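Here is how the chains run, residue by residue.
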Amino acid sequence: MPERVISFAQAIAEAVEGIMEEDPRLQLIGARFTGHTKSARVMDPIMERYADRISWPPISEIAYCGIAIGAAITGVRSVVEMSTATFSYEAIPQIVNEAAIVHANSDGRVCAPVVFHVLYGIRGAGAAQHSGSPQGWYWSAPGLQVAMPATPADMKGLLRYAALRSSGPTVLLDHQRLMEGFGPVPEGPFEIPFGQASVEREGDDATIVAASIQVQRALEAADVLYRDHGIAVEVVNLRTLQPLDHATIARSVKKTGRVVVTDESPEDAGVASVLAGIVASEMFDSLRAPVKRVGVLPVPVPYAKTMEDFVTPRVERIVAAAREVVGR
Amino acid sequence: MPERVISFAQAIAEAVEGIMEEDPRLQLIGARFTGHTKSARVMDPIMERYADRISWPPISEIAYCGIAIGAAITGVRSVVEMSTATFSYEAIPQIVNEAAIVHANSDGRVCAPVVFHVLYGIRGAGAAQHSGSPQGWYWSAPGLQVAMPATPADMKGLLRYAALRSSGPTVLLDHQRLMEGFGPVPEGPFEIPFGQASVEREGDDATIVAASIQVQRALEAADVLYRDHGIAVEVVNLRTLQPLDHATIARSVKKTGRVVVTDESPEDAGVASVLAGIVASEMFDSLRAPVKRVGVLPVPVPYAKTMEDFVTPRVERIVAAAREVVGR
Amino acid sequence: MTSNERAATLLRGMLRIRRLEEKLIHLAEDKTLIRAHYHLYVGQEAAGTGACSALRRDDLVFTTHRNHGHVIAKGGDPFRVIAEIIGRRDGYLGGRGGTFHVAAPEIGIPHTSAIVGGSLPIAAGTAWAAKLGRSDRVTVVFFGDGVMEEGVFYETLNIAQLWRLPILFYMENNSVTPEERPGRGSPTSSHAAKALSDIPRAFGIDTTILDGTRVDRVARAVGGLVARLRAGEGPLFVESRTTRWPGNYGSFPRLPGGDTEIGWAWDQAAPVEEVREWHAKSDPILLWARECERAGTLSRDAIVTIDREVREEIEKAAAAALASPPPDPRAVLENAYA
Amino acid sequence: MTSNERAATLLRGMLRIRRLEEKLIHLAEDKTLIRAHYHLYVGQEAAGTGACSALRRDDLVFTTHRNHGHVIAKGGDPFRVIAEIIGRRDGYLGGRGGTFHVAAPEIGIPHTSAIVGGSLPIAAGTAWAAKLGRSDRVTVVFFGDGVMEEGVFYETLNIAQLWRLPILFYMENNSVTPEERPGRGSPTSSHAAKALSDIPRAFGIDTTILDGTRVDRVARAVGGLVARLRAGEGPLFVESRTTRWPGNYGSFPRLPGGDTEIGWAWDQAAPVEEVREWHAKSDPILLWARECERAGTLSRDAIVTIDREVREEIEKAAAAALASPPPDPRAVLENAYA
Ligand SMILES: Cc1ncc(C[n+]2csc(CCOP(=O)(O)OP(=O)(O)O)c2C)c(N)n1
Ligand SMILES: Cc1ncc(C[n+]2csc(CCOP(=O)(O)OP(=O)(O)O)c2C)c(N)n1
Ligand SMILES: [Mg+2]
Ligand SMILES: [Mg+2]
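Line by line, the protein sequences give chains A, B, C and D. With my numbering applied, the first sequence covers 141 to 468. With my numbering applied, the second sequence covers 141 to 468. With my numbering applied, the third sequence covers 505 to 842. With my numbering applied, the fourth sequence covers 505 to 842.
Rather than coming from a laboratory, the hints here were simulated on the basis of the structure. As the structure is a prediction and not an experimental result, all values here were calculated from the model.
Simulated coverage check for chain A against chain C, where a stretch passes if three residues somewhere in it have a Cβ under 8 Å from a Cβ of chain C:
hint: 1; region: 210-219
hint: 2; region: 279-291
Here are the simulated DSSO-like cross-link-like pairs (lysine-lysine), alpha carbons at most 27 Å apart as the crow flies:
hint: 3; chain 1: D; residue 1: K535; chain 2: A; residue 2: K178
hint: 4; chain 1: C; residue 1: K535; chain 2: B; residue 2: K178
hint: 5; chain 1: D; residue 1: K785; chain 2: D; residue 2: K698
hint: 6; chain 1: C; residue 1: K698; chain 2: D; residue 2: K698
hint: 7; chain 1: D; residue 1: K820; chain 2: D; residue 2: K527
hint: 8; chain 1: C; residue 1: K535; chain 2: B; residue 2: K445
hint: 9; chain 1: D; residue 1: K820; chain 2: A; residue 2: K445
hint: 10; chain 1: A; residue 1: K445; chain 2: D; residue 2: K535
hint: 11; chain 1: A; residue 1: K445; chain 2: D; residue 2: K527
hint: 12; chain 1: D; residue 1: K785; chain 2: D; residue 2: K527
hint: 13; chain 1: A; residue 1: K394; chain 2: B; residue 2: K394
hint: 14; chain 1: B; residue 1: K178; chain 2: B; residue 2: K445
For every residue, glycine included, the Cβ atom is placed at its ideal position computed from N, Cα and C.
Just chain A, with the same shape it has in the complex:
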C-alpha cells in the first residue's frame, strides 16, 4: 500500500481534529496553529466544527496561559496556541514559575498537562521580535517538556501524545517554514511518546544531531555531502529536547565518531551548544573530532534578506561543518 503523503500544516489540522474528537473536554485557546503561512486556511474547518470549544482570548498571554494551567489542574486539558514564540515571553512567569513546578512542588500529587504551542525561529522578515527561538530556555526550566517536530508524522504523533497522554506541561515549538513540507503520515490516530529520537538517514562518516527545521536542512545537507563529497552522514531527529534520547545519540556517535549539532537558536549559548556539551561529557570516548555547532549567529535577528540569510543555520553551513568534522 502506498504511503499517504500530506503537508506539515495538514498534519497539524489532522492532529488537532483527532485530539478534539477523542477528548470531548479538551479545549483550544487560540487555534491559528499554522501562522501567517500559505497554509493558514487549513485550520478553518476545525475552527468551525469545534467553535464552541475554542476560546479567543484577549492579548493577555500571561493570563490565558495561567488559565490553561488552572483548568488542567482540575482535569480540563487545553492546547494553547500562542502564535509567535516571542509572545510567550509575556507568559514565562506562568509557564516557568508555575506550570513547570506544579507537579514537583505538590510532591507528585497534582498535574498540569497543558500544551503551549508556539511558532519559533526565522520565518522570513520577522526581524528581531518575530524570530525568537526560546527552546533552550524552556529546556532549562525543570519540569517542562519540550517538543520540536521535524516531519508531518512527528507533528501528528507528538501533539497527540502531549495533549492526550502526557501528565506534564509541554512547550511544542513549530517552525513556519516547515508548514508546506510534505511527508508520509499514517491515517489513523497514533502517538509518538516523548524521548524517542529517530534516525532519519543512516551513514557512517558523521552524525548530525538536530530537531525541527534543522532536521530537514540536515537531510538536504546529507544529499549534498554524499553527492558532492562522498560523505555519508547519519541524521538524528531528536523530536523532543526534554526528555532527550541520549541513547540514540550515543549509538550514532559511537558509530561515526564525528558530530555536528545544529539548532535554529543562538549559536553561542543555545541548544547546539548544550547538545555539544552533552556529547562532550557523555560520549567523549567515541569522539574523533571537535563537535561542530551550527546555530543562529548570536545577534538580534535582522530583517533584510541578505542579513537574515547570513545569520540562519542554512544547509551550506551544515555542509561546511560536516566537511570540517570529517576532514574532507
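Add chains B, C and D with the ligands to chain A, keeping to what the hints say.
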C-alpha cells in the same frame, strides 16, 4: 602595604556609592542589593544619602525595567535592583525583546545602558520560586551582557564597568550566599572590563571553569583535591558569560587537558552544558578526558534542607568530578 | 448550626491560625527549622476564616506567599501545615514546598504560588473548568493589595469578566489604619487609584468592601457572594481591609507583646505599648471574643476553654511535626517531570 | 501660520502617509520586496498627523507595529521609510528593522517595538528622564486598543500617574463604527470595560475622547494637552477613535478600491461599493479636504495640486529606495552588542 579585605556585601555598597558619586544623573530603581541576608543593612547609609535618586516602584517589574530602558535611551543611566532572579521573568519581554535589541535594531545608533541586578540561585529555603538561575537564558538573548561576580573585587569592578562605561544592557547576577564572603578590594574606583576572566588558582592537572559562587566552591574543592588527592586544579573565574573570555579558558585547557565546568543552573541544559559545548567544539584537540559538568540537578528546587543540599552543585560534587576527569 | 456553635466555630478557626503562627515564631528561633524569611497571617484571621466558612470542601481556594492562614481556614491539618513549613516528610507537599507554597490538594488548595499575582490566572482557570463542566464549584482567590501593581491582575480580571467566570477575587488590603477601614479608600504610595475598588468596577465587576477584622460580617457577606457565584453571577470582587500587626513589619516576624492572651479581650490595657492599640482596635480574634461575650453567644469561660483546647491542639501538632523525619533527598528526582 | 497654510500642511501630512502606504501595497506584489505581513495606517492619518503637528522636533514619539504613519507624521523622510520597509541600506535602520520597527532616532523616534504594549514603559522612561533633567520635552506614545488587554499597560499607567510623568498616552481605537465615534464607548469582545476610557480614569488620569478622523480637532486638542504636559500636568490620556478601512482586515492589506482619488472628496458615489461608505464617512483625508473647501481655506485646485505634489514626492522616494542596495550581511555582527 597590607591589602584591604572587605565583604562582598560591603563591596556592593562601595560600588554603588562610587557610581552614584561619579555620575550625578545615575538613578537607582530599588536599592536592596544585598537581599534577605545578614548584610541587608549595609545599604542603609547609601539609601539615606541618595534618597532623591532612588525610586521605589510598585511591584511592576515589566514596567520599571522598561522605564529604565527608556531613560537610558535618552541618556539617563540606571541600575535596577530586582531582588530575586525569578521576579525578572516578569520583565523578560522588556529585557529580551527590547533592551537587548535596541542597539542592533537601530543599526548601532541608539544605546540602552541599563544594569538589571538580580539575586539568583539556591539561597537556602527559597524553594522552587525563589531559587531560579536564569543566567543561561540571558546569555542566549543576543544583545545582552551577563556578569556574574565571584569575589568582592569582581563585584566592585564589574558593577562600575556596567553602570558607567558599558554602552549596552547588562544582567548582573549576584548570589546571596556570597554576601558575607571576604576578599581584597582596592579602595579607590576601578573597573573590570567585560570579557576578562581571571585565573584564581593555578594548577596543571585539571581546569575548573566557573563563575560567581561556583568559583568559591571550586576554590574550596581545589584545596580538598590538593590536600587529599594530590590533584592540582586551575580555577578559571569567568566574571562575565557574555562576553566570554574564550582565550583564557583555552589557555588553561591547553595546559591541563582536563575540564570540569560548573554553574548553579540546571545541569542538563544550563550554563555548564553550554560551556562544555564550547570547550568540546573550540578546544577539543587539547582535551584528554570527557568534560564533566556540575550543575543544579534538573528539578524544581525543593525546600527541605536535605533535598536542597542534594540538588546543589556542592564542593563534594566538584571534587568528585575533578577526580573523575583526572582519573584518581 | 446555632449561633453559639457558629460563634465557637469562627473563634476556634481564627485561634487555630493565631496559635499556629505564634508557635512558628518560637520555632523560628532555631534557624535549622525555618531557614529563611516567612510571612504570617496574624491580624487577617477573620478574613480567611470568615470567607472559607462559606465554602464547601470541593470549592477551590488559591492563596499567596502569606498562605498558612488560608490553608488552615479551608480545613488544613495543623500538623501537616507545620511539618511543611519546617520541611518534613509529613508536610502537605512532603517538605518540597515549604512556607512559600503550603497547599493541600485534598481540600481544594491544589497549588500555591509565592509569586505576586502568580495564582490569579490559575484560579481563573479552575473557575473556567468548573463553568465548562457545568459544576457549581466556585473558586476563591485570596491575594494582597500589592497584586494590583502587577499586570497579570488586570489581564485576569478582564478575562474573568468577559468569560463570566465563577470566581471571587478576595483582595486583602492589609495596611489600612483602623480609622480608614470603613471608608472609601485612599491613594497609596504604590497605586494611583483614589480607591482600589475603583479598578474592578471599571471592568464592570461588582465589588464589595469589607472590614476584614470582623469575622461574622465577612462570613455573611462572602456567603451571599458565593451563592451569587453558584447562580452564575461571577466574577465578583471583595476588598477586605485589615490593619497590619506590629510584629509583621520587615522580613522576619517578631512577637513584640509575646503570645496573644485571650484575656486581653477584656483587659485592653494589659498588652505592652507597642501592640496595645492594635489588639484593642484591630485584632480580629479579640474583637470577636468581645463581641460574642457581649452578645451572649459565648461566655468568658467558653472562650477561655476554646483557646486552651486550640493551644493544646497546636502544641500536639507541632510536636508531631517536629518528630516527622526530613524527606529523603532522592525523592526529588522522581517527581520533577509528570 | 495662516489658516490656509495650516490647512495645506495638515492635508499634505496626511496625504504623504496615504500615498506612501498605497505605494507599499503595490510594491508588496513583488514578494521579494515585502516578504511578510505588514500593517498600514490608512484611515488613521488624522490622528498621527494632527497629534504630531503639536510637537517639537525634540519631543519623543513611540509607536507600534503600525508605525509608518507616525514616523512620517513626526517628520520622517519617505525615502528612508520605504527603504527600511523593503530592507535596504538607506533605511532608517539600515534595513535591520523593517516594517515592524521603523524608527528615526534623529527626529525623536528612538526605538519601535512591534510587541503589543512593548513601547509603553519605554516611553514612560523617556518621560521620566525628561522630568529628572527638568526638561520640558514631552513624550507621546501611540498605541492600539489591543494594548489595553496587556498587563504592561496597567503597570505603566500606574507608575506614570504615581510619578506624574510628562507623557501623553495616545490610544488609537481603530475599530469603531462611524456612529459610535462620538459616543461614550461600548464594550468590545476583548475588553470588559463599558468604555475603555473608564480605565485610565480609574487611575486618576485625565482622559480626552477624540474623533480621530478629524485632523484639525486632533491637532488643537493635542496642542492643549501638550501644553499641559509641559506645565507639569502629566500624565494625560487620549482615546482617539477611527473606523477600520476595509483594506485593513486580515494580515495582508489590499486596495479594494484602488488608490484613493482626491476627487472622491466631492464625488462620494465614485468609489467601488466595498469602500464607498468608508471614504464618505471615515476617510480623514477626504473629510478634511471637503471641510477645507467648504471653509474656503483650500480651493479644489489647491487640494488637487497638493495631492499631485505628494504623489510625485512619494514616487521619487520609492524610486530612490528601490535603487538603494541591500545591506552588507556582515554588518550585523558589528552592532549586536553595544
Ligand atoms: C513577581 C514578584 N515580585 C516581587 C515579589 C516579592 N514580594 C513578595 S511579597 C511582596 C509584597 C506583596 O504585597 P501584598 O500583595 O500586598 O501582600 P502582603 O504581603 O501584604 O500580604 C513582594 C513584593 C514576588 N514574590 N513576586
Ligand atoms: C505580546 C504580543 N502578542 C501578540 C502580538 C500579535 N499582534 C500584533 S498586532 C496585534 C493586534 C493589536 O491590536 P491593537 O493594539 O488594537 O493595534 P492595531 O493593530 O489595531 O493598530 C496582535 C495581537 C504581538 N505583536 N505581541
Ligand atoms: Mg499587602
Ligand atoms: Mg486596534
